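Chemist: All chains, please: the whole structure from these sequences, using the hints.
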Amino acid sequence: MSTTAPPADANNKLTWMLSSLDIEGVRYSVLISGDGLRMAHSESITRDEADAFAAAVSGVQSLGKALAALCGDGDNRLRQNLIEYDQALVLVTAAGQNAMLGVCAEPTADAGLIVHRMNDLASRLGNELTSETRRP
Numbered sequence: 001m002s003t004t005a006p007p008a009d010a011n012n013k014l015t016w017m018l019s020s021l022d023i024e025g026v027r028y029s030v031l032i033s034g035d036g037l038r039m040a041h042s043e044s045i046t047r048d049e050a051d052a053f054a055a056a057v058s059g060v061q062s063l064g065k066a067l068a069a070l071c072g073d074g075d076n077r078l079r080q081n082l083i084e085y086d087q088a089l090v091l092v093t094a095a096g097q098n099a100m101l102g103v104c105a106e107p108t109a110d111a112g113l114i115v116h117r118m119n120d121l122a123s124r125l126g127n128e129l130t131s132e133t134r135r136p
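Going by full-length UniProt numbering, the sequence shown opens with residue 1, and the numbers climb by one from there.
Heads up, some of the hints might be wrong.
Below are the EDC-like pairs computed for lysine to aspartate or glutamate, each with C-alpha atoms no more than 20 angstroms apart in a straight line [stated by the list, open to error]:
1) LYS65 - GLU84
2) LYS65 - ASP22
3) LYS65 - ASP75
These are computed hints drawn from the structure, not numbers from a lab. Small disclaimer: the values here were computed from a predicted structure and weren't measured.
Modeler: Following this line, the structure appears as structure tokens:
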């Protein structure tokens, strides 16, 4: 990933929402629509990297939803994902209807604190974090 701050992105107007996730151990955060499009990203990641992260997180969410039916009844909703790698943690949480927050963090980061901040942000900004379903 990029080691220098990317240039300002005029289309990244919701970045302010993600500032509460700028805590020790967090590399970057991305607000993602239900169909896998980047809605906003922290300043510590480029737009292209955030777009790729959003698409990948969307795939993970899709797999998680498919597993929900195998791990409970029809009301078994996916709320969070945690993926642990040798060199990173990826945390994803629902953020309003048809939207999600994704965070990439250092492997030694306090996942509990990060998830707490993510859930707090999602609950405080629920309406702003909602993404309308896209129709063809």
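Chemist: Against each hint, give a clear statement of whether it holds in the structure.
Modeler: Structure-based check of each hint:
1. LYS65 - GLU84: Holds, because 19 angstroms separates the two Cα atoms, which is no more than 20 angstroms.
2. LYS65 - ASP22: violated (28 angstroms)
3. LYS65 - ASP75: holds (11 angstroms)
Of the numbered hints listed earlier, the single one contradicted by the structure is hint 2.
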